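Peer 1: Protein chains in written order, with my numbering: chain A, 1 to 240; chain B, 241 to 458.
It cannot be assumed that every hint is accurate.
Said to hold, decoys possible - Here are the simulated BS3-like pairs of lysine-lysine, each with C-alpha atoms no more than 27 Å apart in a straight line:
#	chain 1	residue 1	chain 2	residue 2
1	A	Lys15	A	Lys165
2	B	Lys331	A	Lys69
3	B	Lys331	B	Lys255
4	B	Lys446	A	Lys165
5	B	Lys446	A	Lys64
I should point out that these hints are in silico values taken from the structure, not numbers from a laboratory. It should be emphasised that the depicted structure is a prediction, and the values quoted were computed from it without experimental measurement.
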Amino acid sequence: MACNRGKASPDQHTKLRLFSDSAGYCQNPECTRLLFVEAGGQRLHVAEIAHICAAEDEGPRANKALTPKQRGEYDNLILLCPTCHTKVDKAPEAFPDTVVRQWKRAHVNTLAAVFGTQLYPSRSAARAALLPLLVENRAIHQQYGPDNDYRYNPESEEADLWQRKVRTRILPNNRRILALLDANRELLSASEHDVVEKLRQHIDDLEARHIDADRSGGGARFPAQAQMLLSDEGDDECDG
Amino acid sequence: MSVTGDWTAKWAARKLRASCYVAEVRVVGPGRLEVERHGLTSITIATLDVARLDHELLQTVLELPPEPDFVLNLRFNASLTAPAFHLSLEKQVPVGRMGDLAGALSMTNVREYVDRETKFRERGLEQHSRIADFTRLDLHRYRIERHALSPLTVVFLNDYELAAEAIRQARAEHGTFDVVVASNPNARITDSAMEVAEQLGCEVHKWGAFLSRLNREP
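Chain A extracted, bound-state conformation:
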C-alpha cells in the first residue's frame, strides 16, 4: 500500500488500521472487490490508499484548510481497488468527499454488524451488556456535549474535545449498541422495536454530522426511551 505524498502520507499505524477496516475488500459499496489476489503463483495485493481530500491543494476534492499532516491521517483516507481509486480521482464532482466518507462509514458498519455481536439468553443478560455503553455515552454527553456553557465561547477547545469523544467513544459505542440490539431483536417488545428504529436514525444522523461532515441540516435527537431498552419496565410488553 505505497503512498508517497510527503507529509500527507499515512504512517504505518494508519495503513494497518485502513487495511483492518477494509477487511481486505474495496470500500466502495458498489464494488467490494477482493484486494488480495493470486497471479502467476504469486500472492499480491492491489489495494490503493486514496485521499478523500487531495494530498495537494490542486487535487481532487482538495480542502486547503487541511494541513499536510491532516491529509495523511486516517480520517482522510480510504482503501480502494485501483479501478475505484482512479474513478473517484478522475471524476471528483461525481464522487465528492461526503460520498466517499459515506462509503467508508458504511463499510465499517457492515463489518461491525457481522462481527462483535453476541446472542443473549435473556433480557436481563442483554441489558447488562447494553447498559455500560448507554451509561458511558450519556456521561460523555453530559460532561462534554454541546449543551454545556462552553458553547458561548467561539474559541473553546472543549468543542474539539467533544468532537474527539464523539468519534472515538460515542460513535463506536453506538455501533456496538445497534449490533447488540439487532442481534437480539427477539428479546425486544413491539414498542421497543420502534425505539430502536428511532435510535438508528439518530445514530445515522450523528455519524453523518461528525464523520461525513454532512451539511444538509436537521437530524433526529437521541430518543430518551432508548435509555430504558431491555430494562425490567419493558417486560410486560415483551413478545417472547
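With chain A fixed as given, assemble chain B onto it according to the hints.
Peer 2: Leaving out everything else, chain B in the frame of chain A:
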C-alpha cells in the same frame, strides 16, 4: 394570562432559594422578588414569561415598583428587540434568563452583569488589530469600523445548527447586515443556510473564518 403574573415570581423564587448566594427570597408583588444575599446587598428581580420583549413592555416592567435590578424572562429563546435592548442599557438593568441571573447573583453590583457570550465575543473584537471601533446595535448585531477597510454590520448567532431558518429569522429581526457569524464552536452551517445567505446578499462564517474576513474586503 398576565405576563407579570405571580407564577413567574413563585417559580423563580423556588429556583433561587437553591443558590448558595441567596439567604432569603420574598415575593413582594406580581412578578417581583426581593432577594437577600449572603454578604451582599439585597436585590429586586422582575420576573416575566414572554416570547418577545419589546420597548413598551420592558418600560412598563421597569416602571412598576419596586424598581428592579434585573429582569428575568423565563421564556426559552425569547427575543429582545433593539429598542428594548437599548432601554435596558440606558436604565442599567440587565435582561436575561435563569443562567444569567445565576451568574449575576455573586456580583457586588448585579446591574453590571454582562453575559458570557457577549464577553467572549467583545474580547475577540477588542483584540483584533484590524478593528478600529465597534458599536453594539442590539443583542446580536454590531457595527464594526475597520482600519483602511469598509465598515461591516455583523450578526452573531449561537445556534448549534445554523440553518436557513436562522438566517431568515435574523433578517426579519435585525434588518440588513453584511455578515452572519456562527459563534457556537460546535455549530454546523447548513448548505441551505449558505444558499439563503447568498440570496440575501450576506456572508456566513464561523468565528475563525470571520476573524480572517475582517482583514479583507469581500
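Peer 1: In ascending order, which of the hints set out earlier in this document are inconsistent with the structure?
Peer 2: Checked against the structure, the only hint that fails is number 2, while the rest are satisfied.
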